[in-house]
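Protein chains in written order, with the numbering used here: chain A, 38 to 166; chain B, 38 to 166; chain C, 38 to 166.
Misleading hints may appear alongside valid ones.
It does not matter which identical chain is meant; a pair holds if it fits inside one copy or across any two.
Stated by the list, open to error - Here are the simulated lysine-lysine pairs, DSSO-like style, with alpha carbons at most 30 Å apart: (1) K158 <-> K97; (2) K106 <-> K47; (3) K59 <-> K47; (4) K97 <-> K59; (5) K106 <-> K158; (6) K110 <-> K47; (7) K158 <-> K47; (8) K106 <-> K156; (9) K156 <-> K47.
Honestly, the hints are just simulated from the structure, not real lab data.
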Amino acid sequence: MEILNISTSKREELIDITGRVKAVIKDVSEGIVFLYVPHTTAALTCNENADPSVKSDIIKKMSSLVPEKDNYKHMEGNSDAHVKTSLFGGGEFFIISGGGLMLGEWQGIYFAEFDGPRKRKVYCSIIKS
Amino acid sequence: MEILNISTSKREELIDITGRVKAVIKDVSEGIVFLYVPHTTAALTCNENADPSVKSDIIKKMSSLVPEKDNYKHMEGNSDAHVKTSLFGGGEFFIISGGGLMLGEWQGIYFAEFDGPRKRKVYCSIIKS
Amino acid sequence: MEILNISTSKREELIDITGRVKAVIKDVSEGIVFLYVPHTTAALTCNENADPSVKSDIIKKMSSLVPEKDNYKHMEGNSDAHVKTSLFGGGEFFIISGGGLMLGEWQGIYFAEFDGPRKRKVYCSIIKS
Chain A
38 MEILNISTSK REELIDITGR VKAVIKDVSE GIVFLYVPHT TAALTCNENA DPSVKSDIIK
98 KMSSLVPEKD NYKHMEGNSD AHVKTSLFGG GEFFIISGGG LMLGEWQGIY FAEFDGPRKR
158 KVYCSIIKS
Chain B
38 MEILNISTSK REELIDITGR VKAVIKDVSE GIVFLYVPHT TAALTCNENA DPSVKSDIIK
98 KMSSLVPEKD NYKHMEGNSD AHVKTSLFGG GEFFIISGGG LMLGEWQGIY FAEFDGPRKR
158 KVYCSIIKS
Chain C
38 MEILNISTSK REELIDITGR VKAVIKDVSE GIVFLYVPHT TAALTCNENA DPSVKSDIIK
98 KMSSLVPEKD NYKHMEGNSD AHVKTSLFGG GEFFIISGGG LMLGEWQGIY FAEFDGPRKR
158 KVYCSIIKS
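All chains should be built: construct the whole structure from the sequences, respecting the hints.
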């Protein structure tokens with residue numbers, strides 16, 4: 038298992054980790070790479086890698102659906118981040134074939150920070166097929 | 038890796054691909070099948086295969102939560118589809134055991150189109166156990 | 038494939054199954070465990086295992102986003118549970134390394150009941166690496 042260390046710089050942001058995942062799988066021909074976030078206020082998502090306004094639209098829409106303040110009982114002030122984490126999910130797999138990551142043309146892999154800035158980790162595990 | 042080609046006919050719809058996934062795994066006894074959507078405005082979901090009103094309720098509720106028009110910055114008019122894709126997720130796995138797909142009695146596997154009609158693909162990869 | 042049997046006691050609740058998943062993987066050194074819910078009104082999620090108010094905040098927020106009554110067409114009165122199931126997802130994987138489950142310090146694995154009380158199942162399948 039390999040670990041990616043990620044430093045986030047805002048409370049909420051999507052950080053492109055596509056290149057780092059490609060580096061992790063570089064010696065694998067066929068298989069699946071499993072990415073896993075061992076945190077409860079951050080997640081993973083795969084979405085558009087071209088127009089950066091897609092990222093800001095996603096962050097903004099999620100904040101309007103699940104606002105930071107909303108009569109939550111949890112006292113740490115980050116219940117919204119916990120809800121968003123359950124909605125996005127912290128585990129994503131990607132197919133490796135022909136020695137490459139089988140992403141779509143417009144896809145990037147994003148670390149979704151919902152309660153930063155923090156030091157974060159992503160676990161990467163590969164099963165060859 | 039096998040590819041399913043899917044033609045969608047509406048802007049938003051859930052298309053049952055259960056039979057096509059069963060065809061992909063037909064010679065496998067034990068393992069996991071990984072389904073992956075290489076698009077940023079379409080996803081996968083597993084839900085009820087009996088009453089079709091469940092599908093229309095899901096589509097309608099998602100459209101009320103994430104409306105097509107909502108002061109988005111992205112100019113292509115499909116930011117709602119990007120958000121829904123991150124919420125549903127484009128990767129789903131299913132367990133193969135005893136030579137069959139281990140779905141629940143009421144479960145169907147659906148391709149979730151959020152910005153159609155389009156020509157779409159689903160990648161299918163199997164790891165035997 | 039192993040099956041966990043779960044009895045839920047409320048309409049909506051998050052039930053910690055972390056210990057049961059650890060028991061399933063106890064003889065495995067390296068690999069991935071795949072958990073799968075064969076139901077259409079229940080899901081899985083991974084979130085905080087410390088303050089129980091995080092669980093109640095998640096349940097409450099999901100009920101305000103997707104209310105039980107909301108002009109749904111499906112006559113069984115549980116369309117909200119179907120939508121929540123698609124949002125959370127019924128399949129989650131976890132990495133096994135060094136003979137243990139690679140969870141974060143604050144993570145627990147939860148069965149998410151959205152239309153209980155019911156008798157439920159979680160399928161568990163392991164692929165060693």
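Status of the hints after comparison with the structure:
1. K158 <-> K97: Answer is both: 24 Å inside a copy and 29 Å across each meet the 30 Å cutoff.
2. K106 <-> K47: So K106 and K47 pass the 30 Å test inside a copy (17 Å) and across (27 Å) alike.
3. K59 <-> K47: within (25 Å within a copy, 34 Å between copies)
4. K97 <-> K59: Answer is within: at 28 Å inside a copy they meet the 30 Å cutoff, but 37 Å across does not.
5. K106 <-> K158: Answer is within: at 26 Å inside a copy they meet the 30 Å cutoff, but 35 Å across does not.
6. K110 <-> K47: both (24 Å within a copy, 20 Å between copies)
7. K158 <-> K47: within (16 Å within a copy, 35 Å between copies)
8. K106 <-> K156: within (24 Å within a copy, 35 Å between copies)
9. K156 <-> K47: Answer is within: at 11 Å inside a copy they meet the 30 Å cutoff, but 37 Å across does not.
Going through the hint list in order, the structure satisfies each hint without exception.
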